[in-house]
Amino acid sequence: MFDWFDSDVLLQQLLLGLSNGMIIALIALGYTMVYGIIELINFAHGDLFMLGSFLALTLVGAAMNCGLVDPALMGESSHWWLLGTLVVVCGIFCGGLNLCIDHFAYKPLRRASKLSQLVAAIGVSFIIVNLGLFWGGLPMEVLGGGGAAAAPKDFPHLVSDVNLLGEESFVVMTWNDVVIFVVTIPLMIGLTLFVKFTKLGMAMRATAQHATAARLMGVDVNKVIAATFAIGGFLGGAASVLYANYNSTVSFQMGFRAGMDAFTAAVLGGIGSLPGAMLGGLLIGLVRAMSDQYVGSEWTNVVVFSLLVLILIFRPTGLLGLKQREKV
Amino acid sequence: MSASNSLLLEIHELTAGYGSIEVLHGVSIQVHTGEIVSLIGGNGAGKSTSLSCISGIVPLRSGAVRFAGESLAGVAAHAIVKRGLVQVPEGRKIFPRMTVLENLRMGAYARTDRAAIESDLEEVYALFEILKGRSSQLGGTLSGGEQQMLAIGRALMSRPKLLMMDEPSMGIAPLLVAKIFEAVKSLRARGLTILLVEQNARAALKLADRGYVLETGRVVLSGTGAELLSDPRVQAAYLGE
Ligand SMILES: Nc1ncnc2c1ncn2[C@@H]1O[C@H](COP(=O)(O)OP(=O)(O)OP(=O)(O)O)[C@@H](O)[C@H]1O
Ligand SMILES: [Mg+2]
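Chains A and B, in that order, are what the protein sequence lines are. Position 319 of the first sequence, counting from 1, maps to 319 under the numbering used here, and the rest follow consecutively. Position 45 of the second sequence, counting from 1, maps to 45 under the numbering used here, and the rest follow consecutively.
Chain B with its partners taken away, still in its complex shape:
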């Protein structure tokens, strides 16, 4: 399944939380280069917290996060982006009073290779054609689906090695969801590695090479996408069968 077996992201026995509450109680996840890995789980399972912790927004309390062979413990969020690990956050979080173009340029904030930034901009516009016509429109005035595309495009502008997406299908019409998942596929075809958090478990597992099921801060199941899809526990809890 995965083109290469080299380990890109390794999360080992990660614990993290907010204040006195521990939310993640030892999460271990591995992502290999070229893979799409899905992380599924119910509300409050700790999916977003896991991504925030990997991104350096939420401090890790114990365990290890290694990216491309180097530890991310104590590395500031902005420096993690520079290393090629970027997140499309839950709820999109685009900059509402910046234009589409400015939002995309913010995605390239950590970069200095000007010429390549311009060509990547064209690639993002090619991937999401709607955005091109709206490049001077304010981000906050886009529809939810367009904002999601913008958020993905913005993250791509950092030229990541690993793209983490937190519920890209949330609150978006099915037609657009299909489009976004198409885009995810084509990104993988170009060699991008993807960690996909989804509540839409069926779509995510169909797309994924491998998946993990998170429940109350612990990984309870893992396997290939197909294995998880046919697992009775997954079917009962997440596929409504």
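The following block holds chain A by itself, in its conformation from the complex:
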């Protein structure tokens, strides 16, 4: 295999990497925001993302059953309204669920040791994975395949598969790629502006920088933490729809890998940093695509894990992270 010199292959992998990278970045934001505020690695975040994609699949199935969309037209014509609705609904679902997770699992442990909180997060992760397994056993498959609870399920392309670069082009770019950028870029810009300029966004930054001082200035820190979970969850839910649509398959175990990628992205960018999570997500997406092509897809998880270990050893503050954590 000497694809190294084939610029078409390289271009295709770049596009794939960027598209998946944007999705990873969206998930990574959920990790980094929560960590920035309560120094908790929310292990359940990737699994929450999985649950979002299950809801999306269920809703697609429901839309088909109700005759709102024609299964035969999947991938042929574009169902923008369905995709848009799913992004919003799954975003709200995951945001709300994340809010509940914080309230019932993490909030009671706010003053407990970091280890207890981490164990709670791992516990929540297990619970969600098993919820996913249960959900997968419900009759939810849409286009056949994946009848068994644990089996991966096909997810249809909700927008057209027509190659936007022309029928002859070797490199394929469809609306399924474009839609990722159309959704993620405004979300990221919106989040950045929100954090920079709104009162709640300012309170989030203040709480992340000095929680006690924020309380002394009149910030209800519990509310800010709840908002952080809700926003992070929303982004994860939106990402889950894009992911399912782009990669055409969902499974109850997919949260682990997505979570690992996103967590690595957050660490790579500098955990706690929003631009860092965005940059890290893109880089991890590219690394995965390049590794899939030039190293071998069976090695890609190894590559990503190794990268995580290397960052933690040589540059634990990440690319855009603070040189040194200010400690109180």
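The hints are simulated quantities; they were obtained by calculation from the structure and are not laboratory data. Check the hints yourself; a few may be wrong.
[Said to hold, decoys possible] Here's a subset of chain A near chain B, in silico, CB distances under 8 Å, partners left out: (1) Leu200; (2) Met202; (3) Ala203; (4) Arg205; (5) Ala206; (6) Gln209; (7) His210; (8) Thr212; (9) Ala213; (10) Arg215; (11) Met217; (12) Gly218; (13) Val219; (14) Asp220.
[Said to hold, decoys possible] Straight-line Cα separation of at most 25 Å, DSS-like style, residue types lysine-lysine; simulated pairs: (15) Lys196/A <-> Lys132/B; (16) Lys132/B <-> Lys199/A; (17) Lys161/B <-> Lys199/A; (18) Lys206/B <-> Lys199/A.
All residues carry an ideal CB built from backbone N, CA and C; glycine is no exception.
Could you slot chain B with the ligands onto chain A? The hints should help.
Just chain B with the ligands, lined up with the frame of chain A:
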């Protein structure tokens, strides 16, 4: 001395602590409207704990804290700020990666009167002119003295009735300390009531209408600033005479 005699803050037999350790063993302090009251004492006496407890950061175990006639027991820290009781914390605790302006705006977080916030901002800039030129500089890059001014300015932005300051002179060059104490005086002249915690006992007692001496979680002495300054026990223990 005090312009008015109405009781603004009343702390009665306050006990508080951390975990199994009790740090305050029944502290009673009163602050009247318009007064500057100093709280002095050595390291670990419980001065900061007293302020944290009043601010709702450390829960009170027994006793009472009443502010403007209402009990603060069980009131959340953020709600206490809304009532007009704010603290300039020990070590300044400004938000390092927020600009000076953003730090000041955080001080006004509990407020909704936009126009008044803008005019208060100008007042803070007038009080501490250095801050104005640095409004877009990150808080963490300010010098210690500038950070202290920012911390005071930030607290003022909440438009408090009572300002509590925890060792504003700590780790700051004498020239700046004088400036900060000047500012404290001018704030009182404008009618602000101040509870000042200081290790720099001489400066604090000179400034204060009244003072309290705290030792290992108990008030051991109290009186007017002048009385305490001339008290032999205070002189021996805190004034190095
Ligand atoms: N977060 C905490 N956890 C446990 N113990 C604490 C904590 N904060 C303070 N203490 C203890 O409470 C006691 C009083 O501390 P406090 O900070 O109130 O003293 P202070 O009078 O402000 O001293 P200083 O002048 O050094 O600031 C000390 O013995 C201190 O060790
Ligand atoms: Mg102290």
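The hints, checked one at a time:
Because the beta carbon of Leu200/A sits about 10 Å from the nearest beta carbon in chain B, more than 8 Å, this interface hint is broken. The beta carbon of Met202/A comes within 6 Å of a beta carbon in chain B, closer than 8 Å, and the hint placing it at the interface holds. Hint status for Ala203/A relative to chain B: holds, with the closest Cβ pair at about 7 Å, below 8 Å. Checking Arg205/A against chain B by beta carbon gives a least distance of about 6 Å; that is within 8 Å, so the hint holds.
Annotation: Ala206/A was flagged as interfacial toward chain B, and the flag holds, the nearest CB pair being 5 Å apart, inside 8 Å. Because the smallest distance between the Cβ of Gln209/A and any Cβ of chain B comes to about 5 Å, under 8 Å, the interface hint for this residue holds. Using the Cβ-Cβ criterion of 8 Å, the hint placing His210/A at the interface with chain B is satisfied: the shortest such distance is roughly 5 Å. Interface restraint check: Thr212/A against chain B, minimum CB-CB distance 6 Å, threshold 8 Å, status holds.
Below 8 Å, beta-carbon pairs count as interface contacts, and Ala213/A has one with chain B at about 4 Å; its hint therefore holds. Interface restraint check: Arg215/A against chain B, minimum CB-CB distance 4 Å, threshold 8 Å, status holds. Interface hint at Met217/A: satisfied, since its Cβ lies 5 Å from the closest Cβ of chain B, which is below the 8 Å cut-off. Against a cut-off of 8 Å between C-beta atoms, the interface hint on Gly218/A holds, since the closest Cβ of chain B lies about 3 Å away.
Of the supplied interface hints, the one on Val219/A holds, with its beta-carbon coming within about 6 Å of a beta-carbon of chain B, less than 8 Å. Because the smallest distance between the Cβ of Asp220/A and any Cβ of chain B comes to about 5 Å, under 8 Å, the interface hint for this residue holds. At most 25 Å may separate the alpha-carbon atoms for a hinted pair to count; Lys196/A and Lys132/B meet this at roughly 21 Å. Between Lys132/B and Lys199/A the CA atoms are separated by roughly 22 Å; this keeps the pair inside 25 Å, and the hint holds.
Using a Cα cut-off of 25 Å, the hinted pair Lys161/B and Lys199/A holds, with the two alpha carbons roughly 23 Å apart. At most 25 Å may separate the alpha-carbon atoms for a hinted pair to count; Lys206/B and Lys199/A exceed this at roughly 40 Å.
Consistency note: the structure conflicts with the earlier hints numbered 1 and 18.
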